[in-house]
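Student: Each chain is listed here by its residues.
Protein chains: 2
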Amino acid sequence: MAKVLEPKTGRPEYQTVGARVPKLDALEKVQGKATYIHDLKVPRMLYGKILWSEHAHARIRKIDTSRAEKLPGVKAVITGYNTPEIKTGFFKDNPVLKKDKVRQFRDEVAAVAAESEAIAEEALGLIDVEYEPLPAVFDPVEAMGKDAPLIHEDKESNVLKLPWKMVLGDLDEGRRQADFVVEESFSMPWVTHCCMGTSGCLAEFHANGNLTVHSPTQIRYLAQRDFRDAMAALGLKDKRVQVVTTAIGGAFGSKLDTYPFEFITILLAYYAGRPVKLVFSREEEFFATPSRQKVEARISQGCKKDGHLTFREVEMVLDNGAYTSWGATTPSVMMMPISSLYKVPNVYYKAKCVYTNNIYATAMRGYGNPQATFAIESQMDTLAEQAGIDPLEFRMINANTPGELTPQNFEIGSCGLKECLEAVRDSLNWDEKKGKQDGRGVGVGSLIHVGGGARIYKSDGCGTIIKLDDFGKVTVMSGATDMGQGSDTVIAQIVAEELGIDVEDVAVAMGNTDMETWDVGAHASRTTFVAGNSALFAARKAKEQIFEIAAPILQEPVDALAIKEGSVYSLNNPEASMQLARVLRAAHFKTGGTQIVASHFYDPPTQMLDKEMKGNFSVAYTYGVHGVEVEVDKETGHVEIIKYVIAMDVGRAINMMLLEGQLEGGAAMGLGYSLMEELHAEKGKILNPNFLDYKILTFPDMPEVTSVIVETEDQFGPFGAKGIGEPPLVGSAPAIANAIYDATGKRVRSLPIIPEKLVAQEDE
Amino acid sequence: MAKVLEPKTGRPEYQTVGARVPKLDALEKVQGKATYIHDLKVPRMLYGKILWSEHAHARIRKIDTSRAEKLPGVKAVITGYNTPEIKTGFFKDNPVLKKDKVRQFRDEVAAVAAESEAIAEEALGLIDVEYEPLPAVFDPVEAMGKDAPLIHEDKESNVLKLPWKMVLGDLDEGRRQADFVVEESFSMPWVTHCCMGTSGCLAEFHANGNLTVHSPTQIRYLAQRDFRDAMAALGLKDKRVQVVTTAIGGAFGSKLDTYPFEFITILLAYYAGRPVKLVFSREEEFFATPSRQKVEARISQGCKKDGHLTFREVEMVLDNGAYTSWGATTPSVMMMPISSLYKVPNVYYKAKCVYTNNIYATAMRGYGNPQATFAIESQMDTLAEQAGIDPLEFRMINANTPGELTPQNFEIGSCGLKECLEAVRDSLNWDEKKGKQDGRGVGVGSLIHVGGGARIYKSDGCGTIIKLDDFGKVTVMSGATDMGQGSDTVIAQIVAEELGIDVEDVAVAMGNTDMETWDVGAHASRTTFVAGNSALFAARKAKEQIFEIAAPILQEPVDALAIKEGSVYSLNNPEASMQLARVLRAAHFKTGGTQIVASHFYDPPTQMLDKEMKGNFSVAYTYGVHGVEVEVDKETGHVEIIKYVIAMDVGRAINMMLLEGQLEGGAAMGLGYSLMEELHAEKGKILNPNFLDYKILTFPDMPEVTSVIVETEDQFGPFGAKGIGEPPLVGSAPAIANAIYDATGKRVRSLPIIPEKLVAQEDE
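In the order they appear, the protein sequences are chains A and B. All residue numbers for the first sequence refer to this note's numbering, where the first residue is 1 and numbers rise by one. All residue numbers for the second sequence refer to this note's numbering, where the first residue is 1 and numbers rise by one.
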């Protein structure tokens, strides 16, 4: 059970907000009743399969599909040559079916729709592709060289044209002011999302030419927009595209973009004239879905004798892989900790994203923040040591504070970083344990993240429609997406609290672009904040309607009315009270009657970053601190986690149980990133595309996590809440690296920190 | 193609209203893609089957289910003895599983859920029921006798306590004023709906205890309310009930109530702990679903020498069968033609509904009106003949007129009865063909029906939610039900017209109590009027929002704006124009942006009938006239339809193609009722429960129907429209009977008018 630090102002008497409400769909999921894409079947459905490239870089000389087409049960065989060209991705540099050349082993060369998966698989083997191998490049630094093979011939170089440079304050002045300066390099590997549910979708054209795509997407409205490209290519641009979200078996950013396989499924459905479902095998999930990006970072920071930071300089090279998805935009988020984790007046940041013939990169929980924070927070310890200051104390000296304006122009509202540091200090028994280097050690890693939306698109909004029925049951139709994080539950609680009813009386409908209003997607830890505010304001409008109906019945003024425990009552006169359901029926069951419907579209006052990369990106920022105690076996390099604590400034806890779940899940993912996870590639080919060779934490590996919930009551959040979806993994790697250093004196600067690195002679 | 008589005021230039728009779901249906209850499958679904009574009236001594329970694959066997008592129907006199005694062969004695239909069927055969037969009564007049066996022992008599008596004006005075008086008796048989899709439903309990019922119901919100009774009986009264409408394979009133089989399916799902689907066989559909009621009517009317009616007196006995569904309330609608078809100052009506051991009765298209109108309109010819006036002229003399207040206090607004009579006169070439009695003859039958809602419940309303997306696509979430009549299409047209967009850009979502706001159901020909107005007013609210957004962009005042062909423009300045989709994106894609959602709940100012049976039941009344030319073979009694014309006052045609469809479908049903359809019963047992023995019109039997659309532009209807779902069959039987009389001189007073009756010596 989490420890809760309430705000100094105290905590209002909430009925539902802050309660331990189990996920609304928990029982359905554990009983196997939730419908994942894997479970979905529609009449006349075919099965799709993709033929992948056999080379990292090669010209396609010829594709002969004639043998595959003749196989009984095959209903469509498509290639880049018999379908209209559709390009996808952030730079539209990724043809959904490759023509002329392939740039990676994961490239889509052809696809088949057939009566069964087995027939589709067999048909793939009957497609003959003639390749002419081309020189390839797998190292981004090499790829920047003049003689490097060009991955995209229509571009001047392999370096992507992106604006990732940020200069805040005066770096030279910051260096001059510094009494202590350190400079280090850090290296972060490819890791992948490891969703238990592999990727897939189901596409179906209706008799009227409209398209429905069932997909476990995090971004059904942006996907709808993207799929319209496919419709336009097929000459169906005026037709309607409906995206329906299935239950999502894990997402973590992997489903934040649209990918070639989805367009391929649409094309297969179109050409076969029947619904087509395409679901990845586990191996495909490993090698064909984009991953968290491989990053090399050089970082330098300096401070005065009193510990105050004077500058921070970071340069990065990101391996973009062969195509561009969201991975190339993660530097926009990396800027956040670089500019605004701790008070640092002078900041320089530059990042290059470089095409290679490797796998490409997409969003993943934290969106660049874990990589940047590993470098920053590892180095905070190095710098503290140089300055002779306790690392935790060093962080307290530089900690952000409420009301601060950071150099990147982030307006920090609520901020519990100091409270989090204190809580971790207490929890780890820091002062006693620190600095012994006897095989046991403690370390911390702080973090900042957006917690109040993040404007990465023209709209950062979310719409909600609320309807109440004659029995006091409420349906909330929300544009938001629940990908397992429990946002449906949080939204239900927010509406229940505002309407003074039981959370069981609220059903949250999400998942159909036709039925609900827009939401930009489940990213940037924004759902509780943005969709929560949207639901809150819609509920408030519904409540106003309830009071207008109840006032003449109760003969009390509207502004004297309140609702609690399912009854409308007067604050002036406790006798004047009526069950909500009866109020609703009184409104409905008469000539000229009505039912209550309310809607709200909430778009937060977030700002897009300007050309100088400044702007108040989010309406609220979340802070947290990971604290770890480790024991390191000097012989084997095995790291045992003795204690793991996360203190998170959540603004306000809406659901204590789900918060703990997020913290524990984040810790698990962070521990994996820190200690074991890595996609290994050789000349562009993934060597460990399975859970035997790609190690993630399993249940017995997982230490107990101590959760400390710091409530700072954000002024803009729903009931004061901020989003904390991503942060619980962000501070993990530096906290562990710092604890290992405290235990062993060994500084490891490359992830994952596997035993081999700890028993090696040199620092890594 | 229908002939259209436009209103005298002319017709505004509509884009979509009045167009021949094919049903939106037509292609899906003809391609077999629509999901009927028969197609629906959910994971882990079981199949339900009901064991029916073997007696018309018997005491149940014992039910032994032990052998059935042991059959492998059987998951639940339920009876009235191992389940909580649930009673259903208008008088709650119908236990969903019979205990103690059965009152009809259609009675539900036990039910089984099993892994397959075959296993369920086999299990039924293993249930042993011990009956003690009781004396039964099958004639309602006998059932009123003192010694008649009491069907429900808890009641004093077999005559239902119902208020069906109406006294308007002074009957004695009316009789005194009459120069001509006739009195006759008419007899109408049991007929059934003959839906191509048999009845069925699928019930599923969710992990949280909530219930979803998939059902082709016409009344999903009233069904939701009814199913809550089942939940209460199971101790789940606070749980949520969701009713989801499947595609409906014909309804015609048959799905206007909830029936024992639905509650049984819910109970089976509950006790089996798995979803259960129960679908009737064709035979069950014939014998176990309630039918149109068997009615005996005595009617007397009188008129002056100038033809003006002075009184109308009607007495009826209705065979209620063993239980009470909507059939017992049809006299409330029969009152309408009795009081208000033609101007008749003095009216008396009394109806008795009597329990028997026969099948019971529910709603069916026309809801009593066809029976009453057959008597009235047959007799109008007899009376006209007595008075020496041409029957069509006789009707013109007595025809209702706009602005009239009828003795039952119906406020007649728009009224095109005279125009309809004229149109039929022209179309039949009446003056030339009439009165020859040479084997060919012409006849007419007028009708009145509600066309602007009908308040039979506390709410006569319908809710609509409209949302617009970034591409100018509109979703209309309507409480209404499309049961094949095309109400989705009509609603789409109304919204498209109001928003100035293409009907293809409107999707209508209907069918989920969780997602849409309330509607009382698809009855009383109310959907175009009530749901249409609801959609129209919601669209108007959306349009207001559009104009408020567009006004500053176009720099034009809000009240100068209009929309047409997908563009917002200024009436003042034709240069100021912008595509709707661009207006919507301008509203959305900015900080603090929004998306347009509008909702409206429309409850028409209809009145419930008071104790005197007076009140303005509907906001609009529909009139129409059926005209028929027949040729009768005197040897065989075969009736050939030479010409069939229906002239209908529709207020305003929204969709000419669907109107024709309704008129043609009504004619087909009316012809069946007139000439061939009848459920034959012997001692309560249906003898012809199949389409071989129960004759309905097939395609080759169907004459061409000439449709005349009379537009009267109703002041309250959407774009002037009135509802005409039911009327196209109401005037059929008297028109045919009158034409046969004109052809042969033979008056047949019992339906159906089968050849045997025409070759018989006596009038029937």
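Accuracy of the hints is not assured; some may be wrong.
One copy or two, it doesn't matter: identical chains are merged, so the pair holds either way.
Each computed DSSO-like pair below joins lysine-lysine, with the alpha-carbon atoms no more than 27 angstroms apart [to be verified]:
id: 1; residue 1: K41; residue 2: K29
id: 2; residue 1: K3; residue 2: K611
id: 3; residue 1: K70; residue 2: K614
id: 4; residue 1: K350; residue 2: K161
id: 5; residue 1: K8; residue 2: K611
id: 6; residue 1: K458; residue 2: K541
id: 7; residue 1: K634; residue 2: K161
id: 8; residue 1: K237; residue 2: K62
id: 9; residue 1: K237; residue 2: K33
id: 10; residue 1: K239; residue 2: K165
id: 11; residue 1: K590; residue 2: K29
Hints were generated in silico from the structure; no laboratory data involved.
Student: Compare the structure with each hint and give your call.
Tutor: We went through each hint and held it up to the structure:
1. K41 - K29: both (18 angstroms within a copy, 19 angstroms between copies)
2. K3 - K611: Neither, since 42 angstroms and 67 angstroms both go past 27 angstroms.
3. K70 - K614: neither (59 angstroms within a copy, 74 angstroms between copies)
4. K350 - K161: within (13 angstroms within a copy, 87 angstroms between copies)
5. K8 - K611: neither (39 angstroms within a copy, 66 angstroms between copies)
6. K458 - K541: both (26 angstroms within a copy, 26 angstroms between copies)
7. K634 - K161: Answer is neither; intra-copy 46 angstroms and inter-copy 93 angstroms both fail.
8. K237 - K62: Neither: 31 angstroms inside a chain and 66 angstroms across chains, both beyond 27 angstroms.
9. K237 - K33: between (36 angstroms within a copy, 23 angstroms between copies)
10. K239 - K165: Answer is neither; intra-copy 41 angstroms and inter-copy 56 angstroms both fail.
11. K590 - K29: For K590 and K29, the Cα distance exceeds 27 angstroms both inside one copy (42 angstroms) and across copies (38 angstroms).
When the structure is compared with the earlier hints, violations turn up for hints 2, 3, 5, 7, 8, 10, 11 and for no others.
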